[in-house]
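Peer 1: Read off the chains here:
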Amino acid sequence: AQKVTQAQTEISVVEKEDVTLDCVYETRDTTYYLFWYKQPPSGELVFLIRRNSFDEQNEISGRYSWNFQKSTSSFNFTITASQVVDSAVYFCALSEAPGGSEKLVFGKGTKLTVNP
Amino acid sequence: DVKVTQSSRYLVKRTGEKVFLECVQDMDHENMFWYRQDPGLGLRPIYFSYDVKMKEKGDIPEGYSVSREKKERFSLILESASTNQTSMYLCASSLRSGGAYEQYFGPGTRLTVT
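First to last, the sequence lines map onto chains A and B.
Under this note's numbering, think of the first position of the first sequence as 1, with each following residue one higher.
Under this note's numbering, think of the first position of the second sequence as 1, with each following residue one higher.
Read the hints as simulated data drawn from the structure, not as lab findings.
Every value quoted in this text rests on a predicted model; they were computed, and no experiment measured them.
Every residue, glycine too, gets a C-beta built ideally from N, C-alpha and C.
Misleading hints may appear alongside valid ones.
Keeping only pairs whose Cα atoms sit at most 30 Å apart, straight-line, the calculated DSSO-like set for lysine-lysine is [as the list claims (entries may be wrong)]:
| hint | chain 1 | residue 1 | chain 2 | residue 2 |
| --- | --- | --- | --- | --- |
| 1 | A | Lys-3 | B | Lys-53 |
| 2 | A | Lys-111 | B | Lys-71 |
| 3 | B | Lys-53 | A | Lys-111 |
| 4 | B | Lys-71 | A | Lys-38 |
Short derived list, chain A residues pointing at chain B, Cβ under 7 Å [stated by the list, open to error]:
| hint | residue |
| --- | --- |
| 5 | Glu-17 |
| 6 | Arg-28 |
| 7 | Tyr-33 |
| 8 | Pro-41 |
| 9 | Gly-43 |
| 10 | Leu-45 |
| 11 | Phe-47 |
| 12 | Ser-95 |
| 13 | Glu-102 |
| 14 | Lys-103 |
| 15 | Phe-106 |
| 16 | Lys-108 |
Throw the hints in and build the complete structure from the sequences for me.
Peer 2: If you want it as structure tokens, here you go:
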């Protein structure tokens with residue numbers, strides 16, 4: 001069965017600190033997709049990144065970066081120089097191989113609070 | 001921009017009522033999903049549909065049914081609402097084309113069953 005674990009329930013940092021959100025996944029599929037979503041206090045989930053299992057290149061988008069390591073089944077998310085607007089719940093998710101249900105299996109989320 | 005809308009932001013219903021939650025997307029996506037979000041449990045899939053009139057059960061389908069008569073609309077039905085169905089309900093849609101594409105979510109419906 002597929003599973004996503006986000007061991008950090010809550011993290012609190014001071015503005016401008018770097019912070020890494022951990023995500024560990026389990027799947028038997030050889031083809032799968034990983035995602036990160038942000039849920040700000042307003043409640044609507046915002047898509048951040050999609051990564052397929054064949055692409056282990058790290059990705060950087062502004063202050064955000066993602067580290068995908070198949071050897072440790074991890075897909076960690078780092079925010080550099082955090083800002084108050086980064087305060088949100090962040091979810092890591094795993095999708096089954098294409099052609100199946102493609103439903104997302106979510107981790108329980110990490111609540112990030114960035115204090116001024 | 002992809003837009004997923006849900007019929008109500010907040011809803012209060014009584015135990016035993018039949019409840020309809022509506023979701024509409026405007027991007028011609030094949031896949032549509034209903035999730036339930038509860039504190040400490042994250043998001044759990046209830047039902048999904050990859051084509052008109054097609055549906056599949058998610059992890060927690062008990063007490064729910066769905067309807068997809070048109071491609072853009074996916075309805076979640078609580079046949080007889082119970083207090084343990086008090087929750088946030090999120091609808092999502094995505095492309096279905098040879099890869100598991102990102103899902104776009106609606107704003108959610110916070111349902112309270114009294």
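Peer 1: If you check each hint against the structure, which ones fail?
Peer 2: The structure breaks hints 2, 3, 5, 6 and 8; every other hint is satisfied.
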